[in-house]
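Chemist: The primary structure of each chain is shown beneath.
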Amino acid sequence: MKNIIRVRKVCLPLCCIIIIVCMIVGITRSAATKDSLLIGVSPEDESYYKGLSSSGTIKCKDGSQKFSKSQLNDDFCDCPDGSDEPGTSACPNGKFYCKNAGHAPLFLYSSRVNDGICDCCDGSDEYDGKVKCLNTCWEAGKVAREKLRKKIATYQEGVTIRMQEIKQAKVSIAKEEGELSKLKDEEKILKSLVEQLKERKEQIEKAEEKERLQKEKEEKERQEAEEAKAKERQEAEEAKAKETKSENTEPMQNDIHDNIGTIYEPPQDSAEDHHDSVDEPELSDHSIKDELPNDGVEGVAKDSLQNTKQLGEDSTVDVKTDVDTGNQDENVAEDTESLSREELGRLVASRWTGEKTEQHTEDLDVPLDKDHQNLDETPDEINSEEDNGYDSEDDEHRYDAGDDSEDQVDDFGGEDHYDSSSSQKLESDDELDLSDITGSSSSTWLEKIQKTVKSIFQTVNLFQKPVNISEAAHVRKEYDESSAKLSKIQSRISSLTQKLKQDFGPEKEFYSFYGQCFETKQNKYTYKVCPFKQATQEEGYSTTRLGSWEKFEDSYKIMQFLNGDKCWNGPDRSLKVKLRCGLKNELTDVDEPSRCEYLALLSTPALCLDNKLKELQDKLESLNKDQPQGHDEL
Amino acid sequence: MGKALCIILILLISLNCAFSWKKDEFRNCNQTPFCKRARSRKPGACSLIATDVSISDGDLVAKLVPKETNQENDENQEKPPEKPLVLTISAYQDGVMRLKIDEDQSLGPRKKRFEVPDVIVPEFLNKKLWLQRVKEENNDDGSGISSVVYLSDGYEGVIRHDPFEVSVRESGKNGKKVLSLNSNGLFDFEQLREKKEENEDWTENFKSHTDSRPYGPQSISFDVSFYDADFVYGIPEHATSLALKPTRGPGVEDSEPYRLFNLDVFEYIHDSPFGLYGSIPFMISHGKSRGSSGFFWLNAAEMQIDVLGHGWNDESVLMLPSDQKRVDTLWMSEAGVVDTFFFVGPGPKDVVRQYTTVTGAPALPQLFATAYHQCRWNYRDEEDVFNVDSKFDEHDIPYDVLWLDIEHTDGKKYFTWDRVLFPNPEDMQKKLAAKGRHMVTIVDPHIKRDESYYIHKEASQKGHYVKDATGKDFDGWCWPGSSSYLDMVNPEIRSWWADKFSLENYVGSTSSLYIWNDMNEPSVFNGPEVSMPRDALHHGDVEHRELHNAYGYYFHMATADGLLKRGEGKDRPFVLSRAFFPGSQRFGAVWTGDNIAEWEHLRVSVPMILTLGLTGISFSGADVGGFFGNPDTELLVRWYQLGAYYPFFRAHAHHDTKRREPWLFGERKTELIREAIHIRYMLLPYFYTLFREANSSGIPVARPLWMEFPADEKVFSNDEAFMVGNSLLVQGIYTQGAKHVSVYLPGDESWYDMKTGTAYKGGVTHKLEVSDDNIPSFQRAGTIIPRKDRFRRSSTQMENDPYTLVIALNSSKAAEGELYVDDGKSFEFQKGAYIHRRFTFSNGKLTSSNMAPATDAHNRYAPDCTVERIILLGLSPQPKNALIEPSNHKVDVESGPLLLRKGMAPSVLTIRKPNVRIADDWTIQIL
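Line by line, the protein sequences are chains A and B. At position 213 of the first sequence (counting the first as 1) the number is 213 in full-length UniProt numbering, and the numbers step up by one without a gap. At position 603 of the second sequence (counting the first as 1) the number is 603 in full-length UniProt numbering, and the numbers step up by one without a gap.
There could be a bad hint or two in this list.
Subject to a maximum C-alpha distance of 30 Å in a straight line, what follows is the list of computed DSS-like cross-link-like pairs (lysine-lysine) [to be verified]:
hint: 1; chain 1: B; residue 1: 435; chain 2: B; residue 2: 913
hint: 2; chain 1: A; residue 1: 132; chain 2: B; residue 2: 714
hint: 3; chain 1: A; residue 1: 95; chain 2: B; residue 2: 913
hint: 4; chain 1: B; residue 1: 112; chain 2: B; residue 2: 472
hint: 5; chain 1: A; residue 1: 454; chain 2: A; residue 2: 485
hint: 6; chain 1: A; residue 1: 578; chain 2: B; residue 2: 431
hint: 7; chain 1: B; residue 1: 565; chain 2: A; residue 2: 66
hint: 8; chain 1: A; residue 1: 454; chain 2: A; residue 2: 499
hint: 9; chain 1: A; residue 1: 59; chain 2: B; residue 2: 902
hint: 10; chain 1: B; residue 1: 288; chain 2: B; residue 2: 207
hint: 11; chain 1: B; residue 1: 128; chain 2: A; residue 2: 61
hint: 12; chain 1: A; residue 1: 584; chain 2: A; residue 2: 142
hint: 13; chain 1: B; residue 1: 880; chain 2: A; residue 2: 66
hint: 14; chain 1: A; residue 1: 142; chain 2: B; residue 2: 880
hint: 15; chain 1: A; residue 1: 201; chain 2: A; residue 2: 184
hint: 16; chain 1: B; residue 1: 349; chain 2: A; residue 2: 132
hint: 17; chain 1: A; residue 1: 551; chain 2: B; residue 2: 413
hint: 18; chain 1: B; residue 1: 413; chain 2: B; residue 2: 431
hint: 19; chain 1: A; residue 1: 130; chain 2: B; residue 2: 431
hint: 20; chain 1: B; residue 1: 431; chain 2: A; residue 2: 132
hint: 21; chain 1: B; residue 1: 845; chain 2: A; residue 2: 557
hint: 22; chain 1: B; residue 1: 391; chain 2: A; residue 2: 151
hint: 23; chain 1: A; residue 1: 220; chain 2: A; residue 2: 231
hint: 24; chain 1: A; residue 1: 477; chain 2: A; residue 2: 198
hint: 25; chain 1: B; residue 1: 825; chain 2: A; residue 2: 130
hint: 26; chain 1: B; residue 1: 658; chain 2: B; residue 2: 739
hint: 27; chain 1: B; residue 1: 462; chain 2: B; residue 2: 565
hint: 28; chain 1: B; residue 1: 63; chain 2: B; residue 2: 22
hint: 29; chain 1: A; residue 1: 524; chain 2: A; residue 2: 191
hint: 30; chain 1: A; residue 1: 66; chain 2: B; residue 2: 288
hint: 31; chain 1: A; residue 1: 66; chain 2: B; residue 2: 890
hint: 32; chain 1: A; residue 1: 524; chain 2: A; residue 2: 215
hint: 33; chain 1: B; residue 1: 890; chain 2: A; residue 2: 147
hint: 34; chain 1: A; residue 1: 132; chain 2: B; residue 2: 391
hint: 35; chain 1: A; residue 1: 66; chain 2: B; residue 2: 902
hint: 36; chain 1: A; residue 1: 69; chain 2: B; residue 2: 435
hint: 37; chain 1: B; residue 1: 349; chain 2: A; residue 2: 524
hint: 38; chain 1: B; residue 1: 435; chain 2: A; residue 2: 130
hint: 39; chain 1: B; residue 1: 755; chain 2: A; residue 2: 66
Think of the hints as simulated: they come from the structure by calculation, not from any bench.
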């Protein structure tokens with residue numbers, strides 16, 4: 001309270017001075033403009049209008065007409081481009097210049113002149129006496145300059161950080177490039193070793209192998225027979241189900257209904273339960289099946305079993321599903337009769353809002369997306385997944401957990417382990433795992449293996465007879481270890497290659513973005529932006545993909561993420577991240593200006609450009625220069 | 001398998017995006033027993049005869065009784081003898097005849113049938129002529145006698161006794177018929193019965209809904225014939241052609257009647273007789289030989305109307321004399337009484353004027369409301385609002401009103417704000433108001449059943465809700481979920497509601513906030529046909545079926561009253577409503593509901609708006625851009641170019657659509673949209689003058705061509721072009737990538753292209769090249785259009801700007817036009833505070849004269865605005881200067897641009913800076 005009073009005491013005389021100064025400025029301004037016809041003319045244009053005094057008439061800037069001195073600012077538009085009326089509202093296409101001494105000069109649309117609204121801080125746009133505009137340029141200018149100074153300070157610091165990061169990035173890239181080529185060499189060597197070991201191992205195990213193969217063959221035949229039987233049974237049941245099916249829809253459509261009905265739509269009675277306990281794990285089953293081809297046989301069998309089971313259960317196709325999926329069949333609407341009043345209300349409301357429906361379509365989207373992804377997945381990515389053999393246990397575990405948030409297929413792996421801070425490294429995993437091979441001792445382990453292998457070959461070579469068990473075990477162990485190492489190296493190579501082919505910007509300033517995610521929480525949503533990868537919106541346990549990394553746009557001022565999850569009645573979700581200079585990488589704002597088209601702001605030192613800093617400094621300088629004398633002393 | 005499933009899912013999802021009209025959710029005529037019954041009646045089925053014809057209380061009264069038939073028939077039918085009906089004919093000034101038929105109250109019917117209150121304006125009742133005598137005459141064909149009463153100079157009302165027929169004819173025994181009722185003998189009136197007959201079930205089922213129908217069948221149907229008519233028009237709201245196509249008769253297969261039943265139709269289709277959001281049972285006919293006549297049935301129950309094509313009754317025994325061309329129609333209503341109005345015309349404008357003397361003239365909107373409105377479901381929060389607002393300024397695009405849809409509320413509780421999104425609604429409105437801009441928020445009639453919501457608490461405590469058939473508060477589903485509906489037919493409840501709009505009651509509102517009434521059909525998501533059950537009960541035990549079509553009307557009325565009260569009667573209300581009924585024009589604007597971003601919806605917007613104008617609702621428009629779906633930019637631009645001429649000009653979009661504010665489609669498109677909006681602002685003085693004309697005469701702002709050119713047959717069914725006032729003709733472009741368009745310009749005089757000043761001959765179809773920067777628009781020779789060519793942020797800043805007068809001379813080098821100006825806000829104009837100028841140009845002299853009656857100095861309105869430019873089209877050779885009187889000074893006449901635009905500006909003859917005051921009398925003589 002005391003403080004406030006004191007501030008006021010200081011403020012009062014200050015304000016008085018300001019007002020007096022403003023009045024003086026105002027008076028001088030109007031005095032100056034009264035006898036000048038050059039209202040609204042910028043200094044750059046003064047020479048153009050000088051032509052009027054010398055030659056009497058000049059051409060409009062667009063050359064279309066001529067006008068005389070008496071037509072200049074006479075409140076009648078003679079030039080369609082507005083050049084004869086810089087200071088009035090007579091020409092719709094004119095521009096009015098306000099000097100705004102003490103602040104930045106401004107060009108206004110001439111429609112703002114004498115419209116009763118003060119647009120120029122010096123009030124020069126309102127001179128017809130209908131409103132009085134105070135000259136606020138000095139205060140406004142002060143605020144603007146202060147803001148500019150702060151911005152410059154940020155830039156100054158940011159430029160330094162940026163340079164450091166660029167330096168670091170270049171070093172890291174060089175290192176990684178070195179590592180990559182080294183790894184590639186090692187891969188070559190190791191590959192041949194593994195080949196040799198494999199050959200040897202195969203020789204050793206030939207007999208057992210043969211036997212086992214034989215056994216497996218028999219096993220497979222039996223399985224196939226079973227599967228055929230199961231299929232027959234399923235078809236029979238499907239046919240039966242079709243017959244019991246309701247109205248006159250053609251069989252194809254029935255199939256569609258059935259599939260949706262069974263897989264994604266719970267029967268009406270125990271909606272919630274069913275949804276949770278049956279649907280979601282089943283979705284996961286699907287994904288596992290699709291992703292791990294080995295499981296194929298078993299997966300399909302299980303699936304068809306479940307299908308048949310549910311076909312029996314699900315004698316009525318839920319209306320919601322039909323409507324949601326856009327079926328406009330007559331008998332569908334008929335079915336609304338079975339809805340409760342509230343359900344009917346919600347259903348009809350959902351036509352306009354899509355709200356309730358979206359829930360369902362999103363459910364549908366998940367498997368759809370998965371299928372998409374699987375279809376779209378480049379062989380590279382599949383390989384990298386397979387190569388990550390040592391990870392696969394983890395993966396399966398994840399799917400078993402049935403966690404929604406894990407539905408996103410993770411190309412890079414290891415996403416499980418990041419903490420909750422707003423930006424994280426993603427690759428800690430990789431690096432940790434490879435520490436034993438990428439460390440300084442890397443050459444030693446390779447040598448060691450080479451030695452061991454050599455010794456094995458030597459030892460094994462000594463024996464002409466079939467191998468004994470301990471020999472076999474030794475070879476097998478060596479083979480297993482080496483091939484594990486090889487796959488690790490290959491995985492590292494692929495991830496490094498993947499990384500190094502990214503566009504890190506003209507100066508590699510975005511290198512550090514790789515493998516990082518930036519997060520911000522807004523209301524109930526957590527937005528996560530992972531450059532070069534993807535962006536998501538999380539709410540509780542559900543994750544919506546806002547898009548996959550597309551590219552930088554607008555000369556590296558925008559990061560674009562495209563092809564996110566589909567919106568009901570709308571486009572695929574997408575996100576643009578606007579980048580601006582800041583001292584930290586910080587996601588500050590996420591917005592959805594248009595339905596399912598998101599916009600976020602990310603401050604980052606990477607955008608603190610030197611030339612922009614110079615621009616700002618120049619601007620500040622010019623602002624200070626334009627400032628009327630004496631103000632700074634106040 | 002995976003792949004197949006994937007493809008199927010994609011198919012299903014894409015199907016979901018396709019627009020769909022849920023046809024089977026709405027009843028067709030066959031599923032509507034009264035309609036089915038009425039439609040199956042044979043001509044001549046009506047056996048009622050008029051008896052006891054006499055004059056009573058200035059009216060002609062008669063009884064309608066069944067013709068005595070032989071006993072056998074009676075026994076066979078086992079029907080109780082029909083009670084007589086009471087028929088009343090009254091005459092009113094200006095050629096209006098009213099015919100009422102109801103049950104005889106003196107015989108104590110089970111229930112008083114519903115008559116719609118508060119639609120007929122009191123002034124009309126004062127115009128009643130007290131009939132003194134009735135004369136009888138023998139019918140020419142020997143079919144007995146008729147009783148004849150005086151109606152107006154030149155017209156008589158006639159009632160033929162047996163079989164009964166009511167008609168209006170030109171005076172004299174052989175006077176030509178104008179309009180008649182029951183000429184085809186289809187009249188039927190189901191009287192209320194105490195008891196069901198044996199095996200009779202009064203309940204009706206539709207889908208899962210049961211209508212208990214406690215009063216049984218009570219429908220009314222009859223035929224109406226329009227004589228010397230080539231076409232009939234009117235009876236909105238349908239998305240269909242302006243000239244109503246026959247729904248029955250030779251060559252018409254399987255058509256539904258035009259349905260009048262206010263419904264919230266999801267994604268309505270663009271060519272259908274099915275009912276939409278509003279209903280006006282007013283039909284207007286037009287023919288080359290005579291002109292126009294009109295027929296209005298004041299009835300708020302579901303109505304179905306057949307337009308019967310020529311030869312529809314060829315096989316019937318009953319043949320009407322065919323010396324006069326005729327259009328027959330069949331009118332069917334589920335309940336209510338016969339309360340009908342016959343309008344004699346004879347001009348189209350006469351009929352509209354006569355109709356609006358009954359239901360009231362359109363309110364004069366505030367000036368801002370006639371400018372451009374920017375809407376979207378939803379402008380999400382204050383930041384969004386400020387962004388959109390500042391982007392308009394940034395791109396120098398004027399707009400006057402920013403709208404907030406349902407999401408601005410706290411949980412769809414109207415009169416509340418989502419305080420997270422809109423923490424400071426007053427400040428927000430004030431910031432916009434500082435730029436002369438206004439805001440509109442939505443207030444719908446469904447009230448969230450939430451005990452913590454003050455409106456609900458009060459309404460339920462006071463019993464203000466509509467009741468269901470069992471007498472409990474009706475509970476239906478709408479945006480907020482479980483909701484109840486205020487019983488707006490009750491004047492007390494309307495008054496209570498109106499109070500909710502005061503600045504203190506509506507927290508967060510300011511005086512620059514106006515209101516939007518949506519969903520007032522009423523829309524009930526889980527009700528039959530997405531509306532309220534017909535057996536729901538209103539004030540006075542009126543069944544919902546009896547007043548359904550008027551529900552939205554009363555809600556609109558109550559809301560407009562609220563704004564009137566808020567402004568202490570000084571501020572003209574602005575309320576946009578989706579539902580409407582006869583008389584809605586008195587309360588505000590109407591729009592054509594949830595249209596679709598398709599070219600065909602752009603096209604049908606014109607007949608829909610023209611039809612509304614013909615039926616009194618002058619202030620109407622369609623959502624520019626189309627509500628559902630994403631218009632491509634060409635369609636959007638074309639929509640702006642056409643929408644700029646809609647009387648109500650608002651862009652709106654569904655929340656699932658991409659953002660489509662004018663600047664989002666690249667510089668060129670921004671320029672095109674800006675130009676379209678600029679045209680509207682430029683023409684605001686002209687539009688406002690037309691709104692005043694509508695306010696004083698009922699003549700709509702947007703008019704069918706035949707209203708201005710009633711003798712030109714070529715335009716009778718033209719609904720691609722229309723007139724704005726009597727001076728401007730506008731033709732939309734309704735196809736993608738159009739290179740050429742054919743425009744028929746009616747009349748003998750020339751037309752001047754608004755953009756180029758080029759003259760085109762009248763009475764000729766011109767094939768014109770189409771450009772992307774405008775749609776064809778022409779000023780009619782012989783007219784003067786006042787403009788304001790300076791573009792401001794909003795109409796508010798244009799108040800003091802000078803005028804441009806555009807004079808298009810006709811073949812005798814003459815022209816005339818008008819300008820009406822007032823303060824644009826208040827009701828002071830009703831006390832004479834306005835200027836109304838007439839400009840006439842003849843003999844090389846332009847004269848500005850006063851049209852307003854003399855008022856006392858106290859109420860004078862005299863703006864300082866001047867005329868800065870006068871453009872003369874069609875004058876040659878070029879004069880040098882002009883003399884202004886009375887100031888007696890000379891001004892230059894020179895060549896200047898027709899439009900102040902960059903680049904190509906066609907040169908036209910311009911009187912430079914006459915600087916005469918718009919409010920003064922003056923003349924300008926061309927020298």
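Chemist: Which of the numbered hints are not met once you compare them with the structure shown?
Modeler: Checked against the structure, the hints that fail are numbers 2, 7, 8, 10, 11, 14, 16, 17, 21, 28, 29, 30, 32, 33, 36 and 37, while the rest are satisfied.
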